[in-house]
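Visitor: In order, the protein sequences belong to chains A and B. In terms of this note's numbering, the first sequence opens at residue 4 and continues consecutively. In terms of this note's numbering, the second sequence opens at residue 26 and continues consecutively.
It should be emphasised that the hints constitute simulated quantities derived from the structure, not laboratory data. Ideal placement from N, C-alpha and C gives every residue a C-beta, glycine not left out. It is possible that part of the hints are untrue.
[Unchecked claim] For the chain A half of the interface with chain B, some residues (derived, Cβ under 8 Å), not all of them: (1) S40; (2) G43; (3) E307; (4) R332; (5) L334; (6) L335; (7) S336; (8) I337; (9) P341; (10) F377; (11) Y379; (12) H380; (13) D381; (14) G385; (15) Q387.
[As the list claims (entries may be wrong)] List of simulated lysine-lysine pairs, BS3-like, C-alpha gap at most 30 Å: (16) A/K35 - A/K150; (17) B/K58 - A/K418; (18) A/K420 - B/K58; (19) B/K127 - A/K305; (20) A/K372 - B/K58; (21) A/K372 - B/K127.
[Stated by the list, open to error] Cβ pair distances, simulated, as ranges: (22) A/T359 - B/S95: 49 to 59 Å; (23) B/K51 - A/P440: 47 to 57 Å; (24) A/T285 - B/K51: 42 to 52 Å; (25) B/E100 - A/E360: 55 to 65 Å; (26) B/K51 - A/D333: 14 to 24 Å; (27) A/P136 - B/D107: 52 to 62 Å; (28) A/S256 - B/G72: 43 to 53 Å; (29) A/D156 - B/S61: 23 to 33 Å; (30) B/E100 - A/D333: 57 to 67 Å; (31) A/P390 - B/G72: 22 to 32 Å; (32) A/A219 - B/T103: 42 to 52 Å; (33) A/Q387 - B/A141: 55 to 65 Å.
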Amino acid sequence: MSSEILDIQDLNLPVGSNASGYKENTEVIDYKMVTFSLGGKDYGIDIMKVKEISKAAKFTFVPNSIPFVKGVYNLRGDIISVIDLRVMFNLPIPESNSAPENMIILRLEDNVLGVIVDTIDKVVAISSLRIQPPHPLFGDINIKFIKGIVENDDKLYIIIDVESVFDQKSADAAMKKRPVHSSVKGAEAQIEAPAARVPGTAAGDIDYSFIVETLATFSKFSVSQFNEGWIKSRYSTWVQQRKSSGQSVQLKSGIDSDEFLSGFSSPYSGLFWDKDYADMITELLPETDNANYSAWDVGCGKGEEAYSLASALKKRYGSKRIKINANDRDLLSISTAPNLVFSKNTVPEIYDEYITEGKNGWHFVSLIKDLILFEYHDVTNGNQLPPVDLIIARDVISFQPRDDQQKLCDMFYEKLKPGGILIAGANELVFTEGWVPVGNGLVSAYRKN
Amino acid sequence: MRVEYINPFVEAAFNILKEVVDSDIKRGELYLKSTSQPVLGVAAIVGLAGDVEGRVLFDMNADTALGIASKMNGEDLTEFDDLAKATITELANMITAQAVTKLHELGFTFDLTPPAIFTGENMEVSDSGVEALIVPIELSYGKMEINVAVRER
Chain A
4 MSSEILDIQD LNLPVGSNAS GYKENTEVID YKMVTFSLGG KDYGIDIMKV
54 KEISKAAKFT FVPNSIPFVK GVYNLRGDII SVIDLRVMFN LPIPESNSAP
104 ENMIILRLED NVLGVIVDTI DKVVAISSLR IQPPHPLFGD INIKFIKGIV
154 ENDDKLYIII DVESVFDQKS ADAAMKKRPV HSSVKGAEAQ IEAPAARVPG
204 TAAGDIDYSF IVETLATFSK FSVSQFNEGW IKSRYSTWVQ QRKSSGQSVQ
254 LKSGIDSDEF LSGFSSPYSG LFWDKDYADM ITELLPETDN ANYSAWDVGC
304 GKGEEAYSLA SALKKRYGSK RIKINANDRD LLSISTAPNL VFSKNTVPEI
354 YDEYITEGKN GWHFVSLIKD LILFEYHDVT NGNQLPPVDL IIARDVISFQ
404 PRDDQQKLCD MFYEKLKPGG ILIAGANELV FTEGWVPVGN GLVSAYRKN
Chain B
26 MRVEYINPFV EAAFNILKEV VDSDIKRGEL YLKSTSQPVL GVAAIVGLAG
76 DVEGRVLFDM NADTALGIAS KMNGEDLTEF DDLAKATITE LANMITAQAV
126 TKLHELGFTF DLTPPAIFTG ENMEVSDSGV EALIVPIELS YGKMEINVAV
176 RER
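Using the sequences plus the hints, can you model the full thing?
Guide: If you want it as structure tokens, here you go:
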């Protein structure tokens with residue numbers, strides 16, 4: 004019987020591949036189910052599996068049977084076993100008032116059995132194409148017993164896959180697991196236990212990995228060996244902070260995710276460096292006899308970083324020929340960089356000698372501007388840049404997909420001259436061989452060996 | 026891709042196409058692409074030399090190309106013949122030339138190579154080490170992608 008139904012469904016599948024259009028036109032009614040309710044919810048069973056329905060009482064109790072077996076019943080001479088689905092599925096049982104129970108008699112492959120339900124509703128005919136796979140959040144019944152969900156007349160029916168429910172093997176297994184004298188309550192506890200165990204022991208891990216996923220979605224931030232240290236310590240303060248304010252630990256939007264990452268970005272991101280920070284960077288730069296000094300500023304944004312660097316390099320290596328390649332993959336930011344204008348009070352005093360007032364506002368003098376070549380460039384695409392003395396890539400690696408991060412780090416290594424310096428984000432750490440940490444305080448820097 | 030180069034190409038493409046082809050055109054989001062890129066079916070190419078080196082590729086499918094050629098010639102062309110090819114080549118020349126003129130005014134010197142046109146199916150273009158700026162343009166005849174790959178010498 005079941006194979007027939009499957010055949011019909013199979014035949015319809017090719018048409019169903021453009022299901023939306025098909026649904027609107029004609030609908031082949033090829034699936035009927037007997038609907039009933041259990042614990043106030045609507046369920047259905049394939050009518051081909053149902054032999055008949057009846058009301059019955061006076062079941063003969065069988066000693067030593069599993070709790071959901073109500074007993075045996077004499078169906079016009081045939082002895083069938085009767086199962087109470089409410090006990091089996093751990094649903095509330097109405098107060099017993101000795102009224103006859105509603106029973107659906109199922110004809111399965113190798114036996115006939117009766118199941119007791121709250122109320123039997125009617126036969127509903129639908130198109131099998133409208134059966135949708137069960138959603139993992141669907142309730143009281145273990146998902147592997149659910150064939151699908153279907154909507155009819157504003158009611159949602161959960162279609163129970165009776166073959167899998169009463170599969171002989173799983174029944175055997177169930178029998179072995181249960182203690183012989185277990186009460187209904189005992190059975191409930193056993194059913195609930197596995198479900199409760201999962202979130203119980205691993206709640207922290209699940210929240211953490213969920214945050215890792217949502218950071219990638221909302222902020223394109225990939226947690227990896229480069230930034231894991233910061234993320235883990237941030238996670239523990241985050242949990243406390245959110246719990247004390249009664250908010251969910253999980254990140255629900257870009258706002259949450261930005262808040263989570265606040266504090267990650269390096270100092271003076273999007274700002275001109277002040278004297279202390281510029282000095283910290285300058286200290287890292289070694290003496291060199293070379294007449295040229297080249298730097299590569301990856302992810303320069305609107306250009307503040309590049310101008311700050313150019314000014315710092317000018318002071319450090321005034322007589323050398325300095326060249327800075329600055330690029331960003333955000334077109335809007337990089338477009339404003341070559342002609343960046345700002346108001347005087349946003350710029351620390353150390354830049355006074357390099358800025359001048361123009362028609363639209365203050366800008367850097369060409370002495371500094373000409374040191375920098377701004378390019379619209381995505382660093383993951385590769386480039387023909389000759390080797391450089393300094394790479395500034397603050398908070399760049401963390402915002403690449405996880406798989407690209409190590410590649411990028413390797414590329415930085417390749418693009419640096421021997422002894423060259425890589426400045427990473429303040430909270431980014433590079434562990435790869437060949438890098439010597441030379442950072443101090445706020446600056447995370449590495450020298451190529 | 027140097028930031029200063031982007032706008033001249035986008036503006037030139039927009040102005041020329043609006044003037045000679047279609048008053049109702051839309052520009053899509055610009056983006057960067059690297060490695061090999063599939064070509065839709067008709068590709069007109071103009072080389073650049075001078076302060077920079079590179080090329081501009083105008084990429085569209087055959088129907089779009091035919092639509093544009095018909096419009097520019099003021100007659101209905103039914104096959105992609107020499108006239109249609111010459112028309113698309115000329116369009117590529119006009120756009121690139123205007124962009125280069127704009128760049129010249131900004132102080133960058135470019136030279137152009139004569140345009141060439143490629144047609145065929147399943148074509149791919151790859152230039153190693155140069156990423157291309159893609160300017161997608163929506164015309165009523167279909168989509169055109171302007172693919173600019175230039176690098177400093």
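Visitor: Now look at each hint and say whether the structure bears it out.
Guide: Each hint, compared with the structure:
| no. | hint | result |
| --- | --- | --- |
| 1 | S40 | violated (53 Å) |
| 2 | G43 | violated (51 Å) |
| 3 | E307 | violated (15 Å) |
| 4 | R332 | holds (7 Å) |
| 5 | L334 | holds (6 Å) |
| 6 | L335 | violated (10 Å) |
| 7 | S336 | violated (10 Å) |
| 8 | I337 | holds (5 Å) |
| 9 | P341 | holds (5 Å) |
| 10 | F377 | holds (5 Å) |
| 11 | Y379 | holds (5 Å) |
| 12 | H380 | holds (6 Å) |
| 13 | D381 | holds (5 Å) |
| 14 | G385 | holds (6 Å) |
| 15 | Q387 | holds (5 Å) |
| 16 | A/K35 - A/K150 | holds (14 Å) |
| 17 | B/K58 - A/K418 | holds (21 Å) |
| 18 | A/K420 - B/K58 | holds (27 Å) |
| 19 | B/K127 - A/K305 | holds (24 Å) |
| 20 | A/K372 - B/K58 | holds (28 Å) |
| 21 | A/K372 - B/K127 | holds (21 Å) |
| 22 | A/T359 - B/S95: 49 to 59 Å | holds (54 Å) |
| 23 | B/K51 - A/P440: 47 to 57 Å | holds (50 Å) |
| 24 | A/T285 - B/K51: 42 to 52 Å | holds (48 Å) |
| 25 | B/E100 - A/E360: 55 to 65 Å | holds (58 Å) |
| 26 | B/K51 - A/D333: 14 to 24 Å | holds (22 Å) |
| 27 | A/P136 - B/D107: 52 to 62 Å | holds (57 Å) |
| 28 | A/S256 - B/G72: 43 to 53 Å | holds (48 Å) |
| 29 | A/D156 - B/S61: 23 to 33 Å | violated (56 Å) |
| 30 | B/E100 - A/D333: 57 to 67 Å | violated (45 Å) |
| 31 | A/P390 - B/G72: 22 to 32 Å | holds (28 Å) |
| 32 | A/A219 - B/T103: 42 to 52 Å | holds (51 Å) |
| 33 | A/Q387 - B/A141: 55 to 65 Å | violated (24 Å) |
Going through the hint list in order, the structure does not satisfy hints 1, 2, 3, 6, 7, 29, 30, 33.
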